[in-house]
Amino acid sequence: MTEALTPTRLIIRLILCMFLLAAAMFVCSLIGTQKISLGSVLDGPGSAPGANTDYDIYVRVRVPRIILAALVGAALAASGVVLQAILRNPLAEPYILGISSGAALGVITAVLTGASITAGTKLGAFGAGASISVFAFLFAMATCWLVWLTGHLAGGSGITSLLLAGVIVNAFFSAVIMLLTSLIDSQQLRTIIFWLMGNIGEKDFPTLLASAIFIVAGIFGLFTICQKLNVLTFGTQEAQSLGVNPRAVTFAAFAMASFITAVAVGLSGLVGFVGLIVPHSVRLVLGPDHRQLLPASAFVGAAFVVICDTIARVIIAPAQFPVGVITAVIGGPVFLLLLARYSKKIGYQR
Amino acid sequence: MSIEVENLCFAYKAQAEILKNISFRLEQGSFLSIAGPNGTGKTTLLNLLSGLLKPTAGAIKIDDCFLQSYSIRHLAKKIAVVRQEFVPVFEFSALQVVSMARTPYLGTFAFESKVDQQAIADAIEMTDTARFANRPLNHLSGGERQRVFIARALAQQTPILLLDEPTSFLDMKHQVGIYDLLKRMQQEYGKTIVAVTHDINLTIQYADEALLLGTDSNYHIGKAKDVFSQHQIEKIFGVKTFTGKIGQENFFLPLGKFAKSRNGCASEVKQTQSEQNRRNTII
Numbered sequence: 001m002t003e004a005l006t007p008t009r010l011i012i013r014l015i016l017c018m019f020l021l022a023a024a025m026f027v028c029s030l031i032g033t034q035k036i037s038l039g040s041v042l043d044g045p046g047s048a049p050g051a052n053t054d055y056d057i058y059v060r061v062r063v064p065r066i067i068l069a070a071l072v073g074a075a076l077a078a079s080g081v082v083l084q085a086i087l088r089n090p091l092a093e094p095y096i097l098g099i100s101s102g103a104a105l106g107v108i109t110a111v112l113t114g115a116s117i118t119a120g121t122k123l124g125a126f127g128a129g130a131s132i133s134v135f136a137f138l139f140a141m142a143t144c145w146l147v148w149l150t151g152h153l154a155g156g157s158g159i160t161s162l163l164l165a166g167v168i169v170n171a172f173f174s175a176v177i178m179l180l181t182s183l184i185d186s187q188q189l190r191t192i193i194f195w196l197m198g199n200i201g202e203k204d205f206p207t208l209l210a211s212a213i214f215i216v217a218g219i220f221g222l223f224t225i226c227q228k229l230n231v232l233t234f235g236t237q238e239a240q241s242l243g244v245n246p247r248a249v250t251f252a253a254f255a256m257a258s259f260i261t262a263v264a265v266g267l268s269g270l271v272g273f274v275g276l277i278v279p280h281s282v283r284l285v286l287g288p289d290h291r292q293l294l295p296a297s298a299f300v301g302a303a304f305v306v307i308c309d310t311i312a313r314v315i316i317a318p319a320q321f322p323v324g325v326i327t328a329v330i331g332g333p334v335f336l337l338l339l340a341r342y343s344k345k346i347g348y349q350r
Numbered sequence: 001m002s003i004e005v006e007n008l009c010f011a012y013k014a015q016a017e018i019l020k021n022i023s024f025r026l027e028q029g030s031f032l033s034i035a036g037p038n039g040t041g042k043t044t045l046l047n048l049l050s051g052l053l054k055p056t057a058g059a060i061k062i063d064d065c066f067l068q069s070y071s072i073r074h075l076a077k078k079i080a081v082v083r084q085e086f087v088p089v090f091e092f093s094a095l096q097v098v099s100m101a102r103t104p105y106l107g108t109f110a111f112e113s114k115v116d117q118q119a120i121a122d123a124i125e126m127t128d129t130a131r132f133a134n135r136p137l138n139h140l141s142g143g144e145r146q147r148v149f150i151a152r153a154l155a156q157q158t159p160i161l162l163l164d165e166p167t168s169f170l171d172m173k174h175q176v177g178i179y180d181l182l183k184r185m186q187q188e189y190g191k192t193i194v195a196v197t198h199d200i201n202l203t204i205q206y207a208d209e210a211l212l213l214g215t216d217s218n219y220h221i222g223k224a225k226d227v228f229s230q231h232q233i234e235k236i237f238g239v240k241t242f243t244g245k246i247g248q249e250n251f252f253l254p255l256g257k258f259a260k261s262r263n264g265c266a267s268e269v270k271q272t273q274s275e276q277n278r279r280n281t282i283i
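Chains as they are written, first to last, in this note's numbering: chain H, 1 to 350; chain G, 1 to 283.
Quick caveat, the hints were computed from the structure, so don't treat them as lab data.
Honestly, I wouldn't trust all of these hints.
Said to hold, decoys possible - With the Cβ distance kept under 7 Å, some of the chain G side facing chain H (calculated, not the full set):
#1 Ser50
#2 Leu52
#3 Arg73
#4 Ala76
#5 Val81
#6 Pro88
#7 Val89
#8 Phe90
#9 Phe92
#10 Met100
#11 Pro104
#12 Thr108
#13 Ala110
#14 Phe111
For every residue, glycine included, the Cβ atom is placed at its ideal position computed from N, Cα and C.
Go ahead and model the full structure; you've got the sequences and the hints to work with.
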């Protein structure tokens, strides 16, 4: 008989995942355009500010950026797991379904309206400010709902109808984003375009801390409904017969998944396919039980984005490009493979 | 744990009533078989009994309390449902599927206790599914999957078991295997079994009571052998049958217009020939 999932087994596996993440973060922190020796970092900041450049670069630039990448990866991977479960669609993912662009539109709307109210405010501080987060969250949530409703009305069980809904929502929001972007003054254009492509830059410590709290809380909240998500993948009728209120769980899952997606988008813009590649790889190794899949995917997703961002930092050094480019280059082919695989499966069932 | 149905009516939005004024009472430990032509609301009735649909009029009482007064979680400890087998999206193993039965009993962090594990192991043993407990559901045959879903319903440890066509698509051996299992659940564990079925010949060998739903919202309920009589079967299904007896129970062989032995048993048919001819021309 297969071993049942016990808390002990889960904790051991999660500690292993955590080590993997810690190792990835450590190694990636040593890689960069500027060679840094670990010895001089450990020497401390030195007497005067700027005395130890290695330390300054490491602590002020590299480490925050790596933490940021890890947060974004964890949020997007967890969000992908949850969307796949509630939509019963293995190809669901916040970027593909247009939820990320919904959140992005929220961010840009907040920035534009905020800027017009308090004239002269710099537009550079993406991701900061309560109004931005609230807008991003509300837009993400609304998009979630819209995509779910469209897929639901278009025939429910079909994998492709939902994806199509996502593609259209995505196209529509992208158009609105383009329109709004063209209204923003040209100096900020590069920042915004990079951000839209999914860019991980340097963020100040308070932003990082607040985002970390939001994302960890969101993932923890989702963890408490994992068994219900397991049951919900069998359909709403089955879920109800097994004592799970499908509406309540779907709503809670949508809300929390939209929330962490919105925070991630606020931090790094549109990083795509993380929520697709990571849960599928983890599922191959650990199986589909969400109590294990969700936290493990969060750790692996964090490590994945940290590694992708390091590649984006160094591959065309000294220039850099957005991490979203790397994840899309890897994720596009993976998506097509999975689509072929699952479409075949459906054809077989008929 | 009795089931009581009082003047139950149901209609899907803006459609004609599919179930009309149905009343019956089922004591704990009964075996009820629900049969009837397609579209007479068999599955609808099962969904009403499981609390998935709300009646447009009338009421259902479980243990003398209104069905609506139970929370979803509480009801899942009273009633388990086996729907027609299907292939889930994700590749859960048979064991994982059976384990999900314990969901209504789990705490916030949702891990199975010793008691839960025992219930799961027992259900797997009773349904003889241990052989493929580790295999993903989509690698199993239809019959094996159906047994896994029945195992899940047993692991839920409910006094009432509702099944929707549990033996469709199964071969003879598995059909009998499933009915034997259900009968054992009724006799040894005192469970109430309610099964929707098209296979009257099989179900009549096992069920104590029967509910036959007709097309004009009429219905017959009573002892299985009284309800499944040749007269009633031919009237409700609108077919000519050859009816024989094995031991105490009837069996029915439907004979179509061009069936080779149709005329051979003409004497056995009680229906008037003129009515039969009229029906045949309509068909």
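Comparing the hints with the structure gives:
no. : hint   : result
1   : Ser50  : holds, 6 Å
2   : Leu52  : holds, 6 Å
3   : Arg73  : holds, 4 Å
4   : Ala76  : holds, 3 Å
5   : Val81  : holds, 4 Å
6   : Pro88  : holds, 5 Å
7   : Val89  : holds, 5 Å
8   : Phe90  : holds, 4 Å
9   : Phe92  : holds, 5 Å
10  : Met100 : holds, 5 Å
11  : Pro104 : holds, 3 Å
12  : Thr108 : holds, 6 Å
13  : Ala110 : holds, 3 Å
14  : Phe111 : holds, 5 Å
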